[in-house]
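Trainee: Use the sequences and the hints to build the structure in full.
If you're matching them up, the sequences are chains A and B in order.
Reminder that position 35 of the first sequence reads as 35 in this note's numbering, one-by-one numbering, no gaps.
Reminder that position 26 of the second sequence reads as 26 in this note's numbering, one-by-one numbering, no gaps.
Just so you know, not all the hints are guaranteed correct.
Once the Cα atoms are required to be at most 16 Å apart in a straight line, the calculated EDC-like pairs of lysine to aspartate or glutamate come out as [claimed, not checked]:
hint, chain 1, residue 1, chain 2, residue 2
1, A, Lys175, A, Asp66
2, A, Lys134, B, Asp89
3, A, Lys175, A, Asp12
4, A, Lys175, A, Glu108
5, A, Lys94, B, Glu133
6, B, Lys142, B, Asp89
7, B, Lys84, B, Glu34
8, B, Lys86, B, Glu16
9, A, Lys134, B, Glu147
10, A, Lys94, B, Glu134
11, A, Lys16, A, Asp32
12, B, Lys84, B, Glu18
Everything labelled a hint here was simulated from the structure, so no lab data went into it.
Computed from a predicted model, the values in this text were never measured in an experiment.
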Amino acid sequence: MGVNNTSEIPADFPGKVIPGGNGANILVTSLDDIINWGRANSLWSLYFGTSCCAIEMMQTGAARHDYSRFGFEVARPSPRQADLIIIAGTIVNKMAPVLRRLYDQMAEPKYVIAMGACAISGGPFFYNSYSVVKGADHVIPVDVYVPGCPPRPEALLEGMLMLQAKIKTESMKNKVFPIDGFDEGL
Amino acid sequence: MTNEALQNLISSWIPELEFTEEKSQFLNITVQPEQLHQLMTQLKSNPDTNFDYLYCLSGVDWGKELGVVYHLESTTHRHQIVVKVKTEDRENPTFDTVCNIWYTAEFHEREVFDFFGIQFNNHPNLKRLFLTEEWDGFPLRKDYVDEINMVIK
Chain A
1 MGVNNTSEIP ADFPGKVIPG GNGANILVTS LDDIINWGRA NSLWSLYFGT SCCAIEMMQT
61 GAARHDYSRF GFEVARPSPR QADLIIIAGT IVNKMAPVLR RLYDQMAEPK YVIAMGACAI
121 SGGPFFYNSY SVVKGADHVI PVDVYVPGCP PRPEALLEGM LMLQAKIKTE SMKNKVFPID
181 GFDEGL
Chain B
1 MTNEALQNLI SSWIPELEFT EEKSQFLNIT VQPEQLHQLM TQLKSNPDTN FDYLYCLSGV
61 DWGKELGVVY HLESTTHRHQ IVVKVKTEDR ENPTFDTVCN IWYTAEFHER EVFDFFGIQF
121 NNHPNLKRLF LTEEWDGFPL RKDYVDEINM VIK
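Mentor: Structure follows, in structure tokens:
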């Protein structure tokens, strides 16, 4: 009653499903494809809101925009449980070592989104200051940049979907660790 | 009390005060550094003014002078006032502390010392608050130079 027992294959499933009878299907795919599919659709982000962009990030997670629709299920307060940092705000010289330590504590694979002008370049207001880091990519390697001041939730979602697209192109054979060869540009 | 009434009362205490309104809602008093502590004590203790709440203490660099701006409010009379004190001595700017009048000034004066290098006489614990102890210079001064982090104008 009301329960749909017919098995449906997700439209974006990377591979073939051969019905084997008795509900025991046979999946044919490559490991790269299935692992990337899983990773891209379960990215948990770390709470990292250092200024006003965090409000837009919260809105992106709240009911109206709801990033868990795309597999960004929950935000985690611990770097050990997170796959992704969304840097939502200004990074100052005092915060930079903390950001680096949190990034180093995250388990591989790990990804970084720089959200807003401050995280990209130091920001439109306080860049000419003794205390502001001119972009989070002086501290940790960034995968996706989302411009705006602050970006609207739609823009952040677009950035997150772009990160998913990037993850789906990875391969275990040619895996590069993001911190290898990272240039802080100092 | 209205701003005019405040001005009439306060100008009777110390003659050489300078009063302005500067198109703001507050009455602004500019006081000489030597008379700062006397004026502040009177503002708090006089029952007609009774400014018992220091709600903002800011350091300011006007380019030529360095100074401190105090915003005061009375929680009984509900009137507000601004007191300014300035000095042209950029090498060794010094004012009297007001933290024995309003205890909250202790932290605010440490912050002003940290960013502007303004000394406060009789302050119990005047050392850097936000910046590290070995920091060189005072970053919120207009003539602060930081060639690594700041664009030179």
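Trainee: Take the hints in turn and mark each one as holding or not.
Mentor: We went through each hint and held it up to the structure:
A C-alpha spacing of about 31 Å is found between Lys175/A and Asp66/A, which places the hinted pair above 16 Å, so the restraint is violated. Restraint check for Lys134/A and Asp89/B: the C-alpha separation of about 34 Å exceeds 16 Å, so the hint is violated. As the CA atoms of Lys175/A and Asp12/A are separated by approximately 23 Å, the hinted pair breaks the 16 Å bound. The straight-line distance between the Cα atoms of Lys175/A and Glu108/A is roughly 11 Å, inside the 16 Å bound, and the hint therefore holds.
In summary, the hint linking Lys94/A to Glu133/B is supported, as the alpha carbons are separated by about 14 Å, within the 16 Å threshold. Between Lys142/B and Asp89/B, the direct Cα distance comes to roughly 14 Å. Compliance with the 16 Å bound is thereby established for this hinted pair. In summary, the hint linking Lys84/B to Glu34/B is supported, as the alpha carbons are separated by about 13 Å, within the 16 Å threshold. This hinted pair checks out: Lys86/B and Glu16/B have alpha carbons roughly 14 Å apart, not beyond 16 Å.
A threshold of 16 Å between alpha carbons decides the hint, and for Lys134/A with Glu147/B the separation of about 14 Å falls inside it, so the pair holds. Of the supplied pair hints, the one linking Lys94/A and Glu134/B holds, its CA atoms being roughly 14 Å apart against a limit of 16 Å. In summary, the hint linking Lys16/A to Asp32/A is supported, as the alpha carbons are separated by about 14 Å, within the 16 Å threshold. Proximity of Lys84/B to Glu18/B is assessed by CA-CA distance (about 10 Å); at most 16 Å being required, the pair is judged to hold.
Checked against the numbered hints given earlier, the structure breaks hints 1, 2 and 3 and satisfies all the rest.
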